Amino acid sequence: MLGRYAISRTGNFRPENLGQNAMAMIGNVCFSMFVFGVLVFTVLAATYEPDDPLFHPSSKITTFLTSNSNATFKSDNTVVKTGEDFMATNETVFGNVINMTDVDNSVVNDFADAAAAKCERNDPIDCKDPEVFHTMMRATIEKFQDIHFYRFGKPVPGSSDSTCDMAWRFRPKEGKSAAFYKDYRRFVINRSENCFLSIVSIGEYHTGKNARKRKKHQKAGLEKKQEKGNDVNSLPIVGEVVNDSLPVVESESSFSHGKYLIYVGGGDKCKSMDHYLWSFLCALGEAQYLNRTLVMDLSICLSSIYTSSKQDEEGKDFRFYFDFEHLKEAGSVLDKEQFWADWERWQKKDGMNQHLVEDYRVTPMKLMDVKDSLIMRKFGSVEPDNYWYRVCEGETESVVQRPWHLVWKSRRLMDIVSAIASKLNWDYDSVHVVRGEKARNKELWPNLDAHTSPDALLSTLRDKVDEGRNLYIATDEPDTSFFDPLKDKYTTHFLDEYKDLWDENSEWYSETTKLNNGVPVEFDGYMRASIDTEVLLGGKKQIETFNDLTSDCKDGINTCNVATN
Numbered sequence: 001m002l003g004r005y006a007i008s009r010t011g012n013f014r015p016e017n018l019g020q021n022a023m024a025m026i027g028n029v030c031f032s033m034f035v036f037g038v039l040v041f042t043v044l045a046a047t048y049e050p051d052d053p054l055f056h057p058s059s060k061i062t063t064f065l066t067s068n069s070n071a072t073f074k075s076d077n078t079v080v081k082t083g084e085d086f087m088a089t090n091e092t093v094f095g096n097v098i099n100m101t102d103v104d105n106s107v108v109n110d111f112a113d114a115a116a117a118k119c120e121r122n123d124p125i126d127c128k129d130p131e132v133f134h135t136m137m138r139a140t141i142e143k144f145q146d147i148h149f150y151r152f153g154k155p156v157p158g159s160s161d162s163t164c165d166m167a168w169r170f171r172p173k174e175g176k177s178a179a180f181y182k183d184y185r186r187f188v189i190n191r192s193e194n195c196f197l198s199i200v201s202i203g204e205y206h207t208g209k210n211a212r213k214r215k216k217h218q219k220a221g222l223e224k225k226q227e228k229g230n231d232v233n234s235l236p237i238v239g240e241v242v243n244d245s246l247p248v249v250e251s252e253s254s255f256s257h258g259k260y261l262i263y264v265g266g267g268d269k270c271k272s273m274d275h276y277l278w279s280f281l282c283a284l285g286e287a288q289y290l291n292r293t294l295v296m297d298l299s300i301c302l303s304s305i306y307t308s309s310k311q312d313e314e315g316k317d318f319r320f321y322f323d324f325e326h327l328k329e330a331g332s333v334l335d336k337e338q339f340w341a342d343w344e345r346w347q348k349k350d351g352m353n354q355h356l357v358e359d360y361r362v363t364p365m366k367l368m369d370v371k372d373s374l375i376m377r378k379f380g381s382v383e384p385d386n387y388w389y390r391v392c393e394g395e396t397e398s399v400v401q402r403p404w405h406l407v408w409k410s411r412r413l414m415d416i417v418s419a420i421a422s423k424l425n426w427d428y429d430s431v432h433v434v435r436g437e438k439a440r441n442k443e444l445w446p447n448l449d450a451h452t453s454p455d456a457l458l459s460t461l462r463d464k465v466d467e468g469r470n471l472y473i474a475t476d477e478p479d480t481s482f483f484d485p486l487k488d489k490y491t492t493h494f495l496d497e498y499k500d501l502w503d504e505n506s507e508w509y510s511e512t513t514k515l516n517n518g519v520p521v522e523f524d525g526y527m528r529a530s531i532d533t534e535v536l537l538g539g540k541k542q543i544e545t546f547n548d549l550t551s552d553c554k555d556g557i558n559t560c561n562v563a564t565n
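Just so it is clear: in the sequence shown, position 136 is 136 by the UniProt record's numbering, and no numbers are missing.
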């Protein structure tokens, strides 16, 4: 038996079977490697969590921010991303939309409860009358076909007996920004001989100023019930009154019992806005990790790349560019000047101590057990080791998370975006045309000038944008008459067409001047770029220079693949 078994086994290795056996063995090995690879990939995919919403390790972004090379890859100085850019924008996030049926049903209920009243044609319009409210809501939904409504405020008296002001919360139907918008307009209302109400006219954007400010605890006139777990209050509301006053320390006791973190010095000053935000979020993230209040300097230096003087400009207020009201409510921050005034007053009396850290390599984890009231990180004068964001590199990167959700764009600037889009009825297409220095640099962008000429634009846009459409052109071309040939096919619009939204008679001008202690604020290059970008993103169709108009690479010749890595 043993001999037979040995013979039968060796039979498999006869010459005529060797090829067949080799193929089987190779197949088994390959299949095993495939299964192993799938298992490894599955484990990595299940456990991978990006450290920041930018989905890049901070070392890569640090290299980008600090690079001084003369390579064709250039730093992109456009608008930075903020917290709301990383929020989900599917409709379920925003709650239930109010439609015409909801209006009709709500008013039937109102009428059932309302007492019958005699009608006199010449009587003043009663803005509290449910029928008036019903008429105004119907007219609004019928007029603005390209937006979704989420809340209607109760009408209030306007400027005369025949006018009422009403506010509403809305979003564009094809909106990509994770935010609500608020508009309030003045309605002229007519009552006929048979007491039939009709809307004569609806005013322009934000004309119904009496309806702007909603009183505390006042219920909305009409708002559909939200689903459980749907926290719409966590989203920005553009158009609401902004309260970005400085947070106040309640008492000596609350101040002396507080724990604080402050960053002092460093080389981050007057750098680009993306550099500033990357460093600021590191400081904010460390403060959160240590469960401390961040003492921040609201005065920032605006880089020369954004200024009309082409010089770095000190003394710009953080609140010009970002939503400080949201930051102080959702996070824990104090203004530096106010903090030092309180520290001087109470520090010795209450025995408050300070812990000094002068090496960025001292990690936040090593500071967890510090009991002193204030941790001061002091940065030197040697770049790049004196950049704040160095604190969040290395082993800290996986521990301290940058709290992107705390930093939103300025709602004053976003209100200008909303005003421009509203003037276009939120029904427009947009094209981004990069020219300027890049179009003149034939070495890095050999085709850009030709590909963005009026004739080339008309040819490219012919198949992308329907003739007769409103076309918003975001561009760095200073002479907008350059685009005049496009007027034969489209109704073109540019940012400077809306200067009244930031001139000396505007609400933005008034509020920023007040914020700046009575000194008028320049509408600088960063503000322009921020608004231009957001209006561009609001277009139903968006045409980009380096994706749609030209074959050149965004960052110069031979960099197209680099940009996607």
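These aren't lab readings, by the way, just hints derived from the structure by calculation. In this text, all values refer to a predicted model and were calculated from it rather than measured experimentally. Among these hints, one or two may not hold up.
[Claimed, not checked] When the alpha-carbon atoms are kept at most 25 Å apart in a straight line, the in silico DSS-like pairs for lysine-lysine are as follows:
#1 K349 - K371
#2 K259 - K349
#3 K316 - K499
Evaluation of the provided hints:
{"no.": "1", "hint": "K349 - K371", "result": "holds, 18 Å"}
{"no.": "2", "hint": "K259 - K349", "result": "holds, 16 Å"}
{"no.": "3", "hint": "K316 - K499", "result": "holds, 21 Å"}
No hint from the list above goes unmet by this structure.
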